[in-house]
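Visitor: Sequence:
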Amino acid sequence: MEKGWDVFDVEPKFLSPAKGHVLISEPFLRDINFARTVVFLVEHGKDGSVGIILNRLSSLHVNDVVREFRYLGDIPLYSGGPVSTDTLFYLHVLPGVEGSLPMGDGVYLNGDFAAIKRYVLQGNPLDGKIRFFIGCSGWDSGQLQQEIDEHVWLISRIGRAQVMDASGDDLWKMALAGLGQGYARWARFPEDPSLN
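Oh and the sequence shown: position 192 is 201 in this note's numbering, straight run, nothing missing.
A couple of the hints might just be wrong.
The list that follows gives simulated cross-link-like pairs (lysine-lysine, DSS-like), each with its CA atoms no further than 27 Å apart [what the hints assert, rightly or not]:
1. K138 / K126
2. K182 / K138
3. K28 / K182
4. K126 / K28
5. K55 / K28
6. K138 / K28
Please keep in mind that the hints were generated in silico from the structure rather than gathered at the bench.
Please model the entire structure based on the sequences and the hints provided.
Guide: Structure below.
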């Protein structure tokens with residue numbers, strides 16, 4: 010087939026996985042946990058990788074899992090992945106929170122939860138400041154690289170504003186479009202091609 014006619018014939022992007030990068034799933038991934046997701050890598054090394062899905066809204070709210078928040082307005086809770094689903098994770102841009110792990114570009118992971126609770130209970134803004142996730146995503150040593158080699162994931166960077174954007178509905182499409190015109194075509198491909 011002549012180059013340019015195949016909608017999925019694009020120049021691959023060669024960016025290595027690293028903390029603070031994102032994994033963007035290919036459009037035909039059928040894994041129920043990862044179909045059309047953007048995963049923010051919070052750890053990557055020889056022992057394995059850990060990430061948080063940014064664009065999968067949970068049916069729960071933070072108010073359902075943090076007793077002190079039960080009388081506040083609904084706070085969105087995202088499904089960070091199928092691992093440690095009994096654990097609350099949070100990404101934030103509050104540099105003074107003790108024990109926070111810097112992820113780059115002013116984004117931090119976790120830290121002193123008492124400080125986070127105080128911030129929330131004082132009525133401070135959450136949009137663009139803190140996002141909460143239940144569970145995370147994990148890969149054993151070499152597993153993520155194998156999936157990358159099999160073209161399950163594209164690796165990219167997105168800005169702090171995109172990481173912290175709690176709407177997240179179009180994040181997968183936006184992240185693909187940010188890789189160039191060829192990938193923008195991927196973003197427009199229907200989830201179920203038989204309905205096209």
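Visitor: A separate judgement is required for each hint: does it hold in the structure or not?
Guide: A quick look at each hint next to the structure:
1. K138 / K126: holds, 13 Å
2. K182 / K138: Holds: K182 and K138 sit about 23 Å apart, inside 27 Å.
3. K28 / K182: Roughly 22 Å between the alpha carbons, so the hint for K28 and K182 holds.
4. K126 / K28: holds, 26 Å
5. K55 / K28: holds, 13 Å
6. K138 / K28: holds, 20 Å
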